[in-house]
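Enquirer: Put the two chains together into one complex, using the hints given.
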Amino acid sequence: MIEIRNAGKKYLQGAREVHALRNVSLRIKSGEFLSIMGPSGSGKSTLLNLIGGLDQPTSGEIFMDGRPLHGISDDELTLIRRRRVGFIFQFFNLLPILTAVENVCLPLLLEGIPFTRIKPKAVLLLEQMGLGERTEHRPEQLSGGEMQRVAIARALITEPAVLLADEPTGNLDSHTSEEIFLLLSNLNEKGQTIVMVTHDSKAAAYGTRVITLKDGALAEDVSLGGAPS
Amino acid sequence: MSVKFAMLGILAEKNLHGYELKSSFDEKVGEFWSLNYGQIYSTLDRLEKEDLVTHDRQAQDRRPDKKIYSITGKGRTELEEWLSTPVHKVRALRDEFFIKLVFMDRKDPGPILDLIEKQKAHYLKQMNRLTNRKVSLKKRPEHADSLTAELLMDAGLFHAEADIKWLTLCASKIKATMGENT
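Which chain is which? The protein sequence lines are W and S, in order. When you number the first sequence by our numbering, it's gap-free, plus one each residue, and the end is 229. When you number the second sequence by our numbering, it's gap-free, plus one each residue, and the end is 182.
Check before you lean on any hint, since a few could be wrong.
[What the hints assert, rightly or not] In silico EDC-like cross-links for lysine to aspartate or glutamate, where the CA-CA straight-line distance does not exceed 20 Å:
(1) Lys138/S / Glu189/W
(2) Lys139/S / Glu27/S
(3) Lys190/W / Asp221/W
(4) Lys165/S / Asp173/W
(5) Lys190/W / Glu179/W
(6) Lys214/W / Glu117/S
(7) Lys118/S / Asp221/W
(8) Lys165/S / Asp200/W
(9) Lys138/S / Glu127/W
(10) Lys125/S / Asp200/W
(11) Lys28/S / Glu13/S
(12) Lys173/S / Glu220/W
(13) Lys214/W / Asp51/S
(14) Lys138/S / Glu179/W
(15) Lys165/S / Glu189/W
(16) Lys125/S / Asp114/S
(17) Lys118/S / Asp200/W
(18) Lys175/S / Asp215/W
(19) Lys173/S / Asp215/W
(20) Lys125/S / Glu32/W
(21) Lys67/S / Asp56/S
(22) Lys74/S / Glu50/S
(23) Lys125/S / Glu189/W
(24) Lys67/S / Asp51/S
(25) Lys165/S / Glu102/W
(26) Lys14/S / Asp26/S
No wet-lab data here; the hints were simulated from the structure.
With the rest of the complex left out, here is chain S (with noise of 0.2 Å):
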């Protein structure tokens, strides 16, 4: 759904083609979301036939005609209530480390209790890097972006925090529930 709105939102600033549009996705919101061609492709197909999306045809040289992507009126509308409107989805409790405790060993909880350290540090340094980033991006002159680059980071590090503290109250109630066992 989102992918559709970003695109949109995208093309609100400027006409581009294909190509452009997914440098520009990388762009903003690259670091969380990965795109690749083919689905930046079949939404536009899609968008073209809600008639959100238009594309005029550029020539050239011995090659295909590059087409040029534009919002519609319609387009815009869509965009500006999606963009007023809150999100009501909440994120979804999907992660593949849940599955992974669902099917811990419940004599032995050793086993589980390593992996989460394991996750805690895998945590903490995919934080770092973020933080890192974070820092390289202050000392850079400031560009059009790199606000929401900087929001976007935030988001990413109070998640990674949440999934530590979570994390942490497994270990406690595991040990609690299961004794110690090691």
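Only chain W is shown next, with the shape it has when bound in the complex (with noise of 0.2 Å):
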């Protein structure tokens, strides 16, 4: 589904070359929750950030369904980011000014969609995340568990192809954390493919495969067996 051929991503820092990651060749499948793991500095976030269509490789290719996403045009990267990537942060992104149900409505709302014709399907994703009674309440009213939740059903709303997670619950407790991450392998078992970025192997342990990067570089790759019966 996603498929990395020898990339690298460079950068100049004052006078100096950082490389970020070095030559990662990856195959990620449909249907797969992969946590990328490593220590700060790593490139976990370059990586990810690479997936995403947020940033683009200084060397090698990049590839979503066949499609390159590599040597492309800004808009070109746009479009596939908006229809194909979900995204959930660390500090969740939501805007402040919007209702739950609003944020979860933004990303076809700038696709120029009417707000009343996503609203259906935004309430239903809240239902689903078990926010039903909180589609009209703004993130200041909201606990940070919920906000997360908010957060996933917006990165679900554009059904994208991949689920993009950097350190989702950096910012929650362990028994809120634990909330989450039950609906993001819900979500899995459903068949949607995860990549997420953390340093908590508890969280790791949900998934299916771990990568470990090291100074840019792939350095370990394990697949964890079955998914929960």
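Expert: Laid out in structure tokens, this is it:
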């Protein structure tokens, strides 16, 4: 589904050349729940950003369902990102002036689809996230776990091919984190491909595969056997 | 020590014969702790000698009498006292992996670094199995012991996580001290 061939990313920090990623090759199959682990500065988020089309490699190739994500224009990349990729972040990134349901609708509002046409689906997604009673609340009226669940609903509104998560519970306590991971594992069980950056092996244990990066290179690749029965 | 109190705890709920006691033990803590019948019966003998447990005989057709065990008043008092006392002994650092570390090759860190990665992968797979069981448990309707089962699995997960973090630190310190040589 996603194929990365010899991808590298370097940039200049002052006069120094920094290799954020070195020659990474990786094939992510549809239906996988992949965790990317590694020390800070090992290139985890850089790799996630390449997979999600937030950034392009300085060398190598990336394909999503056979279509290149490298060497294309920013506008083309933006379009793929909006339609094919869902993101969730450590700090939720919800717009504070919008209600939960409006936040969820946002990706499709940006596509020019009218709110009234999107709203029923957004409400349904929020219900699936256990937030049926919270649709008209603003982020400041929600707990951290609730905000992240709104963010997951928002990421799913476009029915993305892949859901990307960057330390999704980095800002939540253990119990609330577990609720988020149960939701993600549920989505994965229904077929949603998920790629998650995490430093928490308890989080990675919900997935099907764990890769470890070291100094921008792929160091370990562990397949975790069966899904929940 | 805790086997004794686990058995007292089970008998405090219900009078049972040895076989049932083992089933109940397995159901409650079997995930982390396996006991054979020999251990069950020798513990029961000891508990009887200490007057913490007693038994009644139940006649059976063409088979020896069945012993039904029950907790005594003294047993209940000891159990309650034990239940309200914090545990003083922390986990022993007697991990098998630790012994391997002691005998690692001091000149070539390659083999031990490889082993550390394999060990980490093993812990991750173990954590994945525990997590999958926890996820299935959460889907089933509530039953009395599901909370304690879940909490035990959480303990297993947190310990395995700590082991992985420790192994990562080991690898980092070994590399820093001996160089990578690979």
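Enquirer: For every hint, state whether the structure bears it out.
Expert: So, going through the hints one by one against the coordinates:
The suggested pairing of Lys138/S with Glu189/W holds, with an alpha-carbon distance near 14 Å, which does not exceed 20 Å. The hinted pair formed by Lys139/S and Glu27/S meets the criterion: a straight-line CA distance of about 18 Å does not exceed 20 Å. Distance hint between Lys190/W and Asp221/W is unfulfilled; the C-alpha atoms sit about 24 Å from each other, more than 20 Å. Taking the CA atoms of Lys165/S and Asp173/W, the gap is near 19 Å; set against the 20 Å cutoff, the hint holds.
Restraint check for Lys190/W and Glu179/W: the C-alpha separation of about 17 Å stays at or below 20 Å, so the hint holds. Under the criterion of a C-alpha separation no larger than 20 Å, the hint pairing Lys214/W with Glu117/S is consistent with the structure, at around 13 Å. Straight-line distance between C-alpha atoms of Lys118/S and Asp221/W comes to about 11 Å, which keeps the hinted pair within the 20 Å bound. For the suggested pair Lys165/S and Asp200/W, the alpha carbons sit about 9 Å apart, so the restraint of at most 20 Å is met.
For the proposed pair Lys138/S and Glu127/W, the alpha carbon gap of about 19 Å is at most 20 Å, so the pair holds. With a CA separation close to 14 Å, the supplied pair Lys125/S and Asp200/W stays within the 20 Å bound. Using a Cα cut-off of 20 Å, the hinted pair Lys28/S and Glu13/S holds, with the two alpha carbons roughly 13 Å apart. At roughly 19 Å between alpha-carbon atoms, Lys173/S and Glu220/W fall within 20 Å of each other, so this suggested pair holds.
The hinted pair formed by Lys214/W and Asp51/S fails the criterion: a straight-line CA distance of about 60 Å is larger than 20 Å. For the suggested pair Lys138/S and Glu179/W, the alpha carbons sit about 11 Å apart, so the restraint of at most 20 Å is met. For a cut-off of 20 Å, the pair hint linking Lys165/S to Glu189/W is broken: about 28 Å separates their Cα positions. Straight-line distance between C-alpha atoms of Lys125/S and Asp114/S comes to about 17 Å, which keeps the hinted pair within the 20 Å bound.
With a C-alpha separation of about 18 Å, the suggested pair Lys118/S and Asp200/W falls inside the 20 Å cut-off, and the hint holds. The straight-line distance between the Cα atoms of Lys175/S and Asp215/W is roughly 14 Å, inside the 20 Å bound, and the hint therefore holds. Among the hinted pairs, Lys173/S with Asp215/W is consistent with the structure: their alpha-carbon atoms are about 16 Å apart, no more than 20 Å. Only pairs whose Cα atoms come within 20 Å are accepted, and Lys125/S paired with Glu32/W is accepted, the gap being roughly 16 Å.
Between the alpha carbons of Lys67/S and Asp56/S the distance comes to roughly 6 Å, so the proposed pair stays at or under 20 Å and holds. As the CA atoms of Lys74/S and Glu50/S are separated by approximately 9 Å, the hinted pair is consistent with the 20 Å bound. For the proposed pair Lys125/S and Glu189/W, the alpha carbon gap of about 18 Å is at most 20 Å, so the pair holds. Of the pairs offered as hints, the one joining Lys67/S and Asp51/S holds, with about 16 Å between alpha carbons and a cut-off of 20 Å not exceeded.
Among the hinted pairs, Lys165/S with Glu102/W is inconsistent with the structure: their alpha-carbon atoms are about 41 Å apart, more than 20 Å. Distance restraint check for Lys14/S and Asp26/S: the Cα-Cα separation of roughly 16 Å lies within the 20 Å cut-off, and the hinted pair is therefore satisfied.
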